[in-house]
Amino acid sequence: MNTGAQPLVRLSSLTKQYPEVAALRGLTLEVPHGVVGLVGPNGAGKSTLMKILLGLVEPTSGTAEVLGFDAKTEGLRIRERVGYMPEHDCLPTDLSATQFVIHLARMSGLPATVARERAAETLRHVGLFEERYRHIGGYSTGMKQRVKLAQALVHDPKLLFLDEPTNGLDPDGRDDMLGLIERTGTDFGISVIMSSHLLGEIESVCDSLVLIEEGKLTRVGAVAQFTGLGNVLAVEVGRDPELLVSRMIAHDVNARVDGRIIEVEMPDESATAEAALMRLVVDSVVDLGLPLVRVARQRHTLRDMFRNDDPRASGNEEAV
Amino acid sequence: MANLDQAPQSRGVVYDLGYRNYDGPRLGRRYAIRSLYVLSLRNTFGLGRGTLPKVLAFGLALVALLPAIFTVAFGAVAGEGFEFVEHHEYFGLIQIVIVLFVAAMASDLVGNDRKNNTLPLYFSRPIERDDYLLAKIAALATALMSLTLLPQLLVFVGNWLGATDGSGWLGDNISDVWRIGASSTLASVQLAVIGLAIAMFTTRRAFALTSVLAALWFSVVFTGGLVAVLGPGWAAVAMLATPGYAMNAATYVIFDAVPARADRMGEMADQVAYADLPGWTWIVALVAQTAVALFFAIRRYRKVTL
Numbered sequence: 050m051n052t053g054a055q056p057l058v059r060l061s062s063l064t065k066q067y068p069e070v071a072a073l074r075g076l077t078l079e080v081p082h083g084v085v086g087l088v089g090p091n092g093a094g095k096s097t098l099m100k101i102l103l104g105l106v107e108p109t110s111g112t113a114e115v116l117g118f119d120a121k122t123e124g125l126r127i128r129e130r131v132g133y134m135p136e137h138d139c140l141p142t143d144l145s146a147t148q149f150v151i152h153l154a155r156m157s158g159l160p161a162t163v164a165r166e167r168a169a170e171t172l173r174h175v176g177l178f179e180e181r182y183r184h185i186g187g188y189s190t191g192m193k194q195r196v197k198l199a200q201a202l203v204h205d206p207k208l209l210f211l212d213e214p215t216n217g218l219d220p221d222g223r224d225d226m227l228g229l230i231e232r233t234g235t236d237f238g239i240s241v242i243m244s245s246h247l248l249g250e251i252e253s254v255c256d257s258l259v260l261i262e263e264g265k266l267t268r269v270g271a272v273a274q275f276t277g278l279g280n281v282l283a284v285e286v287g288r289d290p291e292l293l294v295s296r297m298i299a300h301d302v303n304a305r306v307d308g309r310i311i312e313v314e315m316p317d318e319s320a321t322a323e324a325a326l327m328r329l330v331v332d333s334v335v336d337l338g339l340p341l342v343r344v345a346r347q348r349h350t351l352r353d354m355f356r357n358d359d360p361r362a363s364g365n366e367e368a369v
Numbered sequence: 018m019a020n021l022d023q024a025p026q027s028r029g030v031v032y033d034l035g036y037r038n039y040d041g042p043r044l045g046r047r048y049a050i051r052s053l054y055v056l057s058l059r060n061t062f063g064l065g066r067g068t069l070p071k072v073l074a075f076g077l078a079l080v081a082l083l084p085a086i087f088t089v090a091f092g093a094v095a096g097e098g099f100e101f102v103e104h105h106e107y108f109g110l111i112q113i114v115i116v117l118f119v120a121a122m123a124s125d126l127v128g129n130d131r132k133n134n135t136l137p138l139y140f141s142r143p144i145e146r147d148d149y150l151l152a153k154i155a156a157l158a159t160a161l162m163s164l165t166l167l168p169q170l171l172v173f174v175g176n177w178l179g180a181t182d183g184s185g186w187l188g189d190n191i192s193d194v195w196r197i198g199a200s201s202t203l204a205s206v207q208l209a210v211i212g213l214a215i216a217m218f219t220t221r222r223a224f225a226l227t228s229v230l231a232a233l234w235f236s237v238v239f240t241g242g243l244v245a246v247l248g249p250g251w252a253a254v255a256m257l258a259t260p261g262y263a264m265n266a267a268t269y270v271i272f273d274a275v276p277a278r279a280d281r282m283g284e285m286a287d288q289v290a291y292a293d294l295p296g297w298t299w300i301v302a303l304v305a306q307t308a309v310a311l312f313f314a315i316r317r318y319r320k321v322t323l
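From first to last, the protein sequence lines are chains A and B.
All letters in the first sequence, in the order written, are residues 50 to 369 by this note's numbering.
All letters in the second sequence, in the order written, are residues 18 to 323 by this note's numbering.
Source of the hints: derived by calculation from the structure; they are not laboratory data.
Among the clues, some could well be false.
To be verified - Computed spacing ranges between beta-carbons, pair by pair:
1) A:Thr77 - B:Phe235: 43 to 51 Å
2) B:Val72 - A:Gly186: 39 to 47 Å
3) A:Glu179 - B:Arg222: 27 to 35 Å
To be verified - Okay, derived cross-link-like pairs now, BS3-like style, lysine-lysine, Cα gap no bigger than 30 Å in a straight line:
4) A:Lys207 - A:Lys265
5) A:Lys265 - B:Lys320
6) A:Lys193 - A:Lys207
7) B:Lys132 - A:Lys121
8) A:Lys207 - B:Lys71
9) B:Lys132 - B:Lys320
10) B:Lys71 - A:Lys265
11) B:Lys71 - A:Lys193
Claimed, not checked - Residues of chain A placed beyond 12 Å of chain B at every Cβ, according to the derived structure:
12) Ser61
13) Gly104
14) Gly117
15) Asp205
16) Leu229
17) Asp236
By construction, the Cβ of each residue, glycine as well, lies at the ideal position given by its N, Cα and C atoms.
So here's chain B without its partners, still in its complex pose:
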């Protein structure tokens, strides 16, 4: 900033309209990671981009919120005791919406930089390769929070406002707040990591999209079919290995809502009961799936040639 006077006016008449040297602060690695995180998060919601990405992102987020909005609206009319959807069921109800969001955004977040070959520009700046990945995962996980945490909180607030004895209800249900926080965070991070790990193996958007859908959605359908014909032991293995099952089961466990009725032909909650596993196994499974995906993602980026 100090060298304003030195800016040459005489030479190169056309272009030299004020290149200056800069001796102000340089904020370094953590700031660089944060900047990448913010830009990636904005990109996810189409900010600074065209109309279509905005419509897609906000549209999916709105659909994910609809059950919560109904709960609040009907709750206001019907009063206490009316529950359109309960916390532990919420992710199962909107699962396809979350998965579509992950599929669409993951391929954008990592695919574009590879397709356009922008990685050399990032990696020639003061960040390391893992930092890049970290920023992208954090961006997608944060974006997913608006499809997981936000509607759950809305349901909570709706139920609270609908309660006849507000403070009494709050006292009875306050523990739901940490359950909401924990389940939303686990689900968002798991889906973000798995989605990105799969999307980063191809630069073709359609390919990335279908692969993520296959891993996070078709796998649930497939496992559902398997469980219907397997004994409890193998059914448990199949469910533990399936991200969609681990996510929902972990949520039931966190809300202490695994049903007593074990039915392998029934809904996902009944199938989870059929597996008859201790609750913590589901949370371990979810964390393990996330860790494996993270391992492959990190390895992928360390090996990328520039």
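Isolated chain A (complex conformation):
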């Protein structure tokens, strides 16, 4: 992987104004190498951003650089080095996966024999075996998604753009696809920029994430930084949680009931604070004679980002 100083993608005041709507409003940001999640609600501008980065759509103003090349003027150089898996159906029906992927490999500049070899390898890599000789028209959604990934990967790009790669997949297919993306990113030194509106997916495969909402950048950073340990102990008791809450407040400790869970706030994030608070909780529970189900330090999830400062997102199960 390129570990040089150059970021994967660099945006500066990037704006895209369509006649009716502003798709992107002044994005400025540097994206690190690795597997990057592009998160945001539907219509946030994720697909538009990808197309600008591929040089397929011209930005209204601002600049975008991919792998050090300007997206506006050096689109060809970028497209030689990246692979793109669009969100929607984009496959012919009357060709076999092999024929089509070979053809696109050549379009990416691979000599004919190499194109044949790599098409076969890449299709196996994504899990298409004998089926690859059949016409794509008869494929399931899962198989089509695999072909779409294979065509993006066949020329061994430096960077993969995946637009909602798990779209339309069942849970098993989704897990397979995510596993494949993770392996591609970690084992082959290919950076990935993957858009999704499902936070769970981003959490499980991405190193870092970029969150855009209504065309604006809201968050950027390492996924770990958003999913680390929180400073809250989650306590579950068999009955009367209010009793424990009032006992905690009597001890000058913040606590509140959230459903069946009591969230007890730690004074700071240190291990000693955790141990002390844990002891206090357990002693209080025993003292009150409550049945203790469990007590554990809570982890942040990406969902917390929205819970904190975006009330619109709450109550929306897993999707942003």
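Chain A is already provided as a structure; the job is to place chain B on it using the hints.
Chain B in isolation, oriented as in the chain A frame:
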């Protein structure tokens, strides 16, 4: 290729049967355009596709060759002086076959990529939008050469072999070779560009097919009717604006075969004589029609949203 050893065997047992990194040559834009051209050309003749496209393409090409085959066959029997069809008449004779070929293939060449939404996959590779169009036009024009150039050459060779004095005949007629080349190329490029420009405005095959037929075939019938009732000036305008007329008239001019008899009720050649225009106007008209169609086609593809 170098990283064979690095191919991971341990993880993801099922799928990782050998993804490798690649550091070999990448051949770039011109090669990509050529690849698209070759695939499109193969598609036109149904290669790598089902039986029906093959039958359709080769069937039409065969019909277009029939007059040439007859010429050669009868020429061999009847000897010198027998001419079943002359070079300047050939395109007029097989015009409907050529137009059907264009109509069927143009909608396939550009319609399928739009219908299946494959354009984002092409345009995310190292080509520009005009390159895509160029490859498609070149593919259709090349395919059309087998319906224009090939039979004309066959007629030429047939006449040559039938001549009693072979080398003498060749000396007298050698200039026909460039005439054949020039007229076939002009006609093929004109029909390819106009056909594709029309076909790319719809993704519906039946629609594309009828539109191309209307522009290239019914327009000839329509103009024929107009010319019969118009004075020479307006008749000339109508003919200049009609692709089928421009193509045939340019061919007469190239073979120096515009008839002297001007008759607006007669055959196309007589109508062209009736218009009484200098020869080069027909060639300019053909080139202009091609350029206008190309302009609209390029504009169409630059504006396509992905």
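Comparing the hints with the structure gives:
{"no.": "1", "hint": "A:Thr77 - B:Phe235: 43 to 51 Å", "verdict": "violated (57 Å)"}
{"no.": "2", "hint": "B:Val72 - A:Gly186: 39 to 47 Å", "verdict": "violated (20 Å)"}
{"no.": "3", "hint": "A:Glu179 - B:Arg222: 27 to 35 Å", "verdict": "holds (31 Å)"}
{"no.": "4", "hint": "A:Lys207 - A:Lys265", "verdict": "holds (27 Å)"}
{"no.": "5", "hint": "A:Lys265 - B:Lys320", "verdict": "holds (26 Å)"}
{"no.": "6", "hint": "A:Lys193 - A:Lys207", "verdict": "holds (23 Å)"}
{"no.": "7", "hint": "B:Lys132 - A:Lys121", "verdict": "holds (28 Å)"}
{"no.": "8", "hint": "A:Lys207 - B:Lys71", "verdict": "violated (39 Å)"}
{"no.": "9", "hint": "B:Lys132 - B:Lys320", "verdict": "holds (17 Å)"}
{"no.": "10", "hint": "B:Lys71 - A:Lys265", "verdict": "violated (52 Å)"}
{"no.": "11", "hint": "B:Lys71 - A:Lys193", "verdict": "holds (27 Å)"}
{"no.": "12", "hint": "Ser61", "verdict": "holds (23 Å)"}
{"no.": "13", "hint": "Gly104", "verdict": "violated (9 Å)"}
{"no.": "14", "hint": "Gly117", "verdict": "holds (16 Å)"}
{"no.": "15", "hint": "Asp205", "verdict": "violated (4 Å)"}
{"no.": "16", "hint": "Leu229", "verdict": "violated (7 Å)"}
{"no.": "17", "hint": "Asp236", "verdict": "violated (5 Å)"}
Checked against the numbered hints given earlier, this structure breaks hints 1, 2, 8, 10, 13, 15, 16 and 17; the rest are met.
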